[in-house]
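Number of protein chains: 2
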Amino acid sequence: MSAKLIPDIVVGRLPVYLRALQRMLSEGRRVTSSQELGERLGISAAQIRKDLSQFGEFGKQGTGYTIEYLAERLKTILHVDGVWDVAVIGAGDIGSALARYEGMNNRGFRVAMIFDSDPEKIGTKAGAFTILDSSDMANVIKEQGIKVAMLSVPASAAQKIAEVLVDAGIKAILNYAPINLNVPANVRVQHIDPVSHLQRMTYYIE
Amino acid sequence: MSAKLIPDIVVGRLPVYLRALQRMLSEGRRVTSSQELGERLGISAAQIRKDLSQFGEFGKQGTGYTIEYLAERLKTILHVDGVWDVAVIGAGDIGSALARYEGMNNRGFRVAMIFDSDPEKIGTKAGAFTILDSSDMANVIKEQGIKVAMLSVPASAAQKIAEVLVDAGIKAILNYAPINLNVPANVRVQHIDPVSHLQRMTYYIE
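Taken in sequence, the protein lines are chains A and V.
Residue numbers for the first sequence follow this note's numbering, so the first one is 82 and each next one is one higher.
Residue numbers for the second sequence follow this note's numbering, so the first one is 82 and each next one is one higher.
So here's chain A without its partners, still in its complex pose:
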């Protein structure tokens, strides 16, 4: 099946389904339904069935979904059935938090390295990692074949560093800086934008 045919907004819901399924597994659950998933997530059951049907048949009418099977299939579809090494760029507050973040376990990623340009930080620790010199960034990323980066640098530096990352072979950038990055079409960027999440909630406050 070609990846090109699935709308990105559908792809974007798969991680949300996977997270809910993994939570159900951790609660000891074995079977669920599009109705139950929908209630947990605030998405209609019909939407969930339609989204999943784009990738194959995962459940039977009337018996619902086997949670473990559906989770494994979603991990394969999202290419997180293995573990991606992630480079964290910028060892400020957010980068340091990412180096210590415990929410990646069993979800397809591990932080492999963290870089900064500040001589005072290089060689010191962020979580379990020794902060590396960002002037070595391109070489290390190339040598180790890293494809995924989290960018936690000041907004003024983000575009220039993104270009270095792309040249070094990075294909996916999670951007914490509040600016738009310009990258080639074969590189994906996602923003962590806390304000969008806040706005989605204030809609409901009278």
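Calculated from the structure, these hints are not laboratory results.
Careful, some of the hints might be misleading.
No copy is singled out in the list; a pair is fine if it fits within one copy or between any two copies.
[As the list claims (entries may be wrong)] Straight-line alpha carbon distances no greater than 25 Å define the calculated SDA-like cross-link-like pairs of lysine to any residue that follow:
id, residue 1, residue 2
1, K156, H272
2, K223, E287
3, K241, R121
4, K252, E287
With the hints as your guide, set chain V onto chain A.
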């Protein structure tokens, strides 16, 4: 128009549209189209027109949208035409970054206070803020009528603190801890989940 009738996934796209419109404004643009917005955002033009049509008439066939007008209308719909005071709970790496975050300007929010329970941190600075004692949290939030909180505490503490926040009148919680919060139906929770964003990108990496 009742807020109840609009699906939450549609509401969730409005902040994304608003962010794109505000960026266009900062580029000096005056008029746009659902086609252009769609290309910027990876959402179909038809979806954008359908989403916006749920809230009224914002453009004319053939002439597109006046960016400033549409942005103002979206701000009103999302209740961010004013400024919400936000309480940050937890002055660790992420809380400290939030206290200094510059991505909220002109988007409907400002950090108003930051709390921590660590006696070593209370009274010290995080950005421009003096860190307050979290044992005063409920009273301060009640007195000042704060409705919005960002929760950047360890996962083990998050549920208990969320309950205190809800009792104090908080209606919207942006949760950075990698756990599910149980809150009453009249309180909204959004997660900052970097792994979901990463998974959405690895889908596209061969």
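Hint check results:
no., hint, result
1, K156 with H272, "both (22 Å within a copy, 20 Å between copies)"
2, K223 with E287, "between (51 Å within a copy, 17 Å between copies)"
3, K241 with R121, "between (40 Å within a copy, 21 Å between copies)"
4, K252 with E287, "between (42 Å within a copy, 10 Å between copies)"
The structure is consistent with each of the numbered hints, conforming to all of them.
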